[in-house]
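Colleague: If you want the building blocks of each chain, they are given just below.
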Amino acid sequence: MFEVIAFIIFSVLTISMFSITVLTNNALYALSSLAAGMIFISAFFFLLNADFLGAVQIVVYTGAIMALYAFGMMFFDSLSEVKEKIKNPRLVFLVSGMLAVIIVIVFLAPVIGQNIEANYPIHPEYGNTVDVGYVLFTKYLLAFELAAIMLLVAMIGGIVLAGKKMNESYSEMKEEEIDEKIRLDEASSKDVK
Amino acid sequence: MTLNAYLILSTILFCIGLIGVIRRKNVLMLFFSTEIMLNAVNVGFAAISKFHGDLTGQMFAFFIIAVAASEVAIGLGLLILWYKRTGSINLDDIAGMKG
Numbered sequence: 001m002f003e004v005i006a007f008i009i010f011s012v013l014t015i016s017m018f019s020i021t022v023l024t025n026n027a028l029y030a031l032s033s034l035a036a037g038m039i040f041i042s043a044f045f046f047l048l049n050a051d052f053l054g055a056v057q058i059v060v061y062t063g064a065i066m067a068l069y070a071f072g073m074m075f076f077d078s079l080s081e082v083k084e085k086i087k088n089p090r091l092v093f094l095v096s097g098m099l100a101v102i103i104v105i106v107f108l109a110p111v112i113g114q115n116i117e118a119n120y121p122i123h124p125e126y127g128n129t130v131d132v133g134y135v136l137f138t139k140y141l142l143a144f145e146l147a148a149i150m151l152l153v154a155m156i157g158g159i160v161l162a163g164k165k166m167n168e169s170y171s172e173m174k175e176e177e178i179d180e181k182i183r184l185d186e187a188s189s190k191d192v193k
Numbered sequence: 194m195t196l197n198a199y200l201i202l203s204t205i206l207f208c209i210g211l212i213g214v215i216r217r218k219n220v221l222m223l224f225f226s227t228e229i230m231l232n233a234v235n236v237g238f239a240a241i242s243k244f245h246g247d248l249t250g251q252m253f254a255f256f257i258i259a260v261a262a263s264e265v266a267i268g269l270g271l272l273i274l275w276y277k278r279t280g281s282i283n284l285d286d287i288a289g290m291k292g
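Residue numbers (my numbering), protein chains in the order written: chain A, 1 to 193; chain B, 194 to 292.
Treat the hints loosely; a few may be bogus.
[Said to hold, decoys possible] Heads up, simulated DSS-like pairs for lysine-lysine below, C-alpha to C-alpha not over 27 Å straight-line: (1) Lys277/B / Lys218/B; (2) Lys218/B / Lys181/A; (3) Lys174/A / Lys277/B.
Please keep in mind that the hints were generated in silico from the structure rather than gathered at the bench.
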């Protein structure tokens, strides 16, 4: 009973938060509602006895990814509206068609999956975190190491891509120097245009 | 709750993300919609993991989270570079080829 109530409340909250994210024109509203939706998603993981996954969801998504977006948005003029013109009515048919296909697959999936055996069964006596640790560091060790290398490559790539022309720090300049530099930059950008 | 309830919720969230990816022209919103789709799939994996008593679903969810984190780092870096160069985050400006 408790699980049903929690499921309904959190699904309504998650769907409304993600709808706001998709439909709003304001990037800041989208960012904060996305962060809220991520936290509500973690409630489903706790309901499904995947405690460690829920904690990772909160820490990684709301802690790391949302913070990264928030810092990244400092570089953009994020409150300016992007003019979006939709001229393709075929998209509507494409979206509704894919939606129908996905719903059919969803209703078929439990029927097809009934004869699946568990390769790595859950041990309730261990607790979720210990169980995840056993499987992750034995059967999925190679994938784990590859994911670590992938994250390292992504980190270096992010620094190299976003960090260009950042060798001049505004915080170490005086006010007059900053004004001078901005005027020079504007003059040079006008020349380019 | 049954497995179907969780899978239907996962589908609804995935479709919200899909609508965002297809409809929006702001690249930042495109990234947000991608995150929504990845999260929807994670919910489905965790539900199947519980109802089949198998940990593989949760493992896949972990790796999806790792992929999402690196995707954000690279994608945001590229987007910042593009914004510095052109001053626009509209998808139509990025499409350089006519077709």
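Colleague: Give a verdict on every hint.
Modeller: Hint-by-hint comparison with the structure:
At most 27 Å may separate the alpha-carbon atoms for a hinted pair to count; Lys277/B and Lys218/B meet this at roughly 18 Å. Distance check on the hinted pair: Lys218/B and Lys181/A sit about 33 Å apart at the alpha-carbon level, beyond 27 Å; violated. Using a Cα cut-off of 27 Å, the hinted pair Lys174/A and Lys277/B holds, with the two alpha carbons roughly 24 Å apart.
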